[in-house]
Amino acid sequence: MHRVASIWLPTSTAHSGDVERGEIRPSQALFVDLFPSEGTTNAPRLDWKIVVLFPTSSSSSLPRSPLRPTASGKKSRDALNLEPSNVANCVSKGKSEHFDCRNHIRVIQPMGDGNRLYMCGTNAHSPKDWVIYSNLTHLPRHEFVPGVGMGIAKCPYDPADNSTAVWVEKGNPGDLPALYSGTNAEFTKADTVIFRTDLYNLTTGRKAFSFKRTLKYDSKWLDKPNFVGSYDIGSHVFFFFRETAVEYINCGKSVYSRVARVCKRDTGGKNILAQNWATYLKARLNCSIPGEFPFYFNEIQAFRGKFKEQATSSSAWLPVLSNKVPEPRPGQCVNDTETLPDTVLNFIRSHPLMDSAISHENEKPVFYKRDVMLTRLVVDKLRIDFVGIDLDYTVYYAGSSDGRVHKVVQWVDSNGESQSILLDVFDVTPGEPIQAMEISKEHKALYVASDHRIKQIDLVMCTRRYDNCLRCVHDPYCGWDKDTNTCKPYEPGLLQDVSNSTADVCDSSVGKRKLVVTWGQSVHLGCFVKMPEVLANQEVRWYHYSKEKGRYQIAYKYGAGGDKFIETSEKGLVIVGVNEQDAGRYDCWLGGALLCSYNITVDAHRCSAPAKSNDYQKIYSDWCHEFEKYKSAMKNWEKKQAQCASRLNDSNQNLHTNEVYGTPVV
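Here my numbering is used: position 622 in the sequence shown is 622, and no number is missing along the way.
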């Protein structure tokens, strides 16, 4: 069985720490700006959304953003320490003092205009929450926030648990702000919950509406879920998770991906479901091949379809007949859920699951790859002005368990069908799973976090990543300048062909190199110093144009007498023992696109046979001299290689540097 990675549901939460010179350290906490690059005067500032969306698992130290130079030129760090309480009690329950019994900040959400932050931490397996200013200072006593102090059901006890939370400002009962969360609400993990906090009058500080939650200990509502994300969309809050499939339990254990929703104005029932959601519904996310696939919020029609039920504990799960569904339709948003009749509330209590699964858009994944597990996904939307036409592209950045980021672009073709290609693969945190990713539109940067570091990557990497036209024109951020033969950030007038609709778009930009080689010499022709991973599995063809044979495709024949042409690991071509018949043009093609071209001239006069013994001796002496020079050069090269390898090992252990990193445009 092959593991298949595909774009949508990431599968795990992170354990992270603080940033030290552009990297997270496991001994501290959260996210902070990177240091400026050499030659810059100001540290790049992050927008507030990025600062608050990187909490995962760490200790109680919250660094302030950005890092600022002091008078001595060194960077200063301001931090707010939120130390755990009752550590001894936590240790007495068998938990680790130096990890489990720390205060891992698991929720950070902006409140209102972003001037204040809501935070919740594990607090030594006794969840606690706070409200602070966004500059990491405590609120004064007269700004007491009601309902804050105990974090149970708002964030997990265990820092390793998958949980989610979103702060919702508008649309709740009384239009009052509240936190919606999905987490474990008990130390034993027996009670998993989708929860909304109590709602308080902002003027008087009095409770206006009580909390709402999923039904306790009811596997039809939730069955050992692992939460992935939560989103405030319109009149609903959506939760994404995976759980044991209760409808499949009679056939064995199976885990399904789910999406659930609740109405934001839900106040529960009057007598039935008084403390529970009266509008809770959930549906399966359809994954038609192994792995997880994209889900789009315009594909939520399953919530208007049939419900699923199990008549007895031994019977199969079947759709509910339409005439058995009460009115108003269960799960529908109403002004006051306390006015719903008991028939509707009882139906919701026993029928939260929809019969239909939600299919992924276009009936195919945006991207999938065998033997890769994707852990995080972020998306950037682009609109390009191309010859007076607005073209829309969606760029996916998918992080994997081996520390790589896969960059995929999707578009709709002229037939209205969705198309996508893999653009690039970045080796960002080698050997470490990517635990968090966010895009800063303001700074045009991607931020990637593993357990031990955070890295900053420019979204627009044209000159540094693409040295040829073919790869450049496929990236919607970039365009090829024919005049300078360089890849630049896209602007009208540059070459671009994301959809690969014009195969010869780069032909005029392909460099045509001329080589003069000596008879009998072997020559290497190549288009790449290192073949890009995204092109490695595509067919590369070499063609020879000669006076005698005309144009023909070069075939590789290995074995006795068949080693005239050798294909290199980077799809280059080696011609062994060049003679007059090997002269002419050599073109390298990838699909319908020309990658590179060489014109070879064979100089037979440089290798005339010696006529006298003195000539032989002179040539022999010259070769001996050249060979000694070669041996000396080889020793120097080996020495430098060893030095480079040593530096690279040190760099990987300390910084994990990579050529894709740069200072984003600010």
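Keep in mind that the hints are not guaranteed to be accurate.
[To be verified] Here are the simulated DSS-like pairs of lysine-lysine, each with C-alpha atoms no more than 27 Å apart in a straight line:
id	residue 1	residue 2
1	631	530
2	530	549
3	93	270
4	441	514
5	444	514
6	488	381
7	170	93
8	512	444
9	189	170
10	639	530
11	547	530
12	618	640
13	612	564
14	170	253
15	220	324
16	324	369
17	216	95
18	253	207
19	547	557
20	441	381
21	207	220
22	369	571
23	571	514
24	612	635
25	224	253
26	441	512
27	571	530
28	253	270
29	557	488
30	93	216
31	207	95
32	216	324
33	482	444
Bear in mind the hints are in silico, worked out from the structure with no lab data behind them.
Hints, verified against the model:
no.: 1; hint: 631 - 530; in the structure: 26 Å, holds
no.: 2; hint: 530 - 549; in the structure: 31 Å, violated
no.: 3; hint: 93 - 270; in the structure: 39 Å, violated
no.: 4; hint: 441 - 514; in the structure: 44 Å, violated
no.: 5; hint: 444 - 514; in the structure: 40 Å, violated
no.: 6; hint: 488 - 381; in the structure: 19 Å, holds
no.: 7; hint: 170 - 93; in the structure: 40 Å, violated
no.: 8; hint: 512 - 444; in the structure: 35 Å, violated
no.: 9; hint: 189 - 170; in the structure: 31 Å, violated
no.: 10; hint: 639 - 530; in the structure: 22 Å, holds
no.: 11; hint: 547 - 530; in the structure: 32 Å, violated
no.: 12; hint: 618 - 640; in the structure: 33 Å, violated
no.: 13; hint: 612 - 564; in the structure: 32 Å, violated
no.: 14; hint: 170 - 253; in the structure: 39 Å, violated
no.: 15; hint: 220 - 324; in the structure: 19 Å, holds
no.: 16; hint: 324 - 369; in the structure: 44 Å, violated
no.: 17; hint: 216 - 95; in the structure: 26 Å, holds
no.: 18; hint: 253 - 207; in the structure: 42 Å, violated
no.: 19; hint: 547 - 557; in the structure: 22 Å, holds
no.: 20; hint: 441 - 381; in the structure: 10 Å, holds
no.: 21; hint: 207 - 220; in the structure: 30 Å, violated
no.: 22; hint: 369 - 571; in the structure: 22 Å, holds
no.: 23; hint: 571 - 514; in the structure: 20 Å, holds
no.: 24; hint: 612 - 635; in the structure: 35 Å, violated
no.: 25; hint: 224 - 253; in the structure: 12 Å, holds
no.: 26; hint: 441 - 512; in the structure: 39 Å, violated
no.: 27; hint: 571 - 530; in the structure: 9 Å, holds
no.: 28; hint: 253 - 270; in the structure: 36 Å, violated
no.: 29; hint: 557 - 488; in the structure: 41 Å, violated
no.: 30; hint: 93 - 216; in the structure: 24 Å, holds
no.: 31; hint: 207 - 95; in the structure: 36 Å, violated
no.: 32; hint: 216 - 324; in the structure: 25 Å, holds
no.: 33; hint: 482 - 444; in the structure: 25 Å, holds
Against the hints set out earlier in the document, violations occur for numbers 2, 3, 4, 5, 7, 8, 9, 11, 12, 13, 14, 16, 18, 21, 24, 26, 28, 29, 31.
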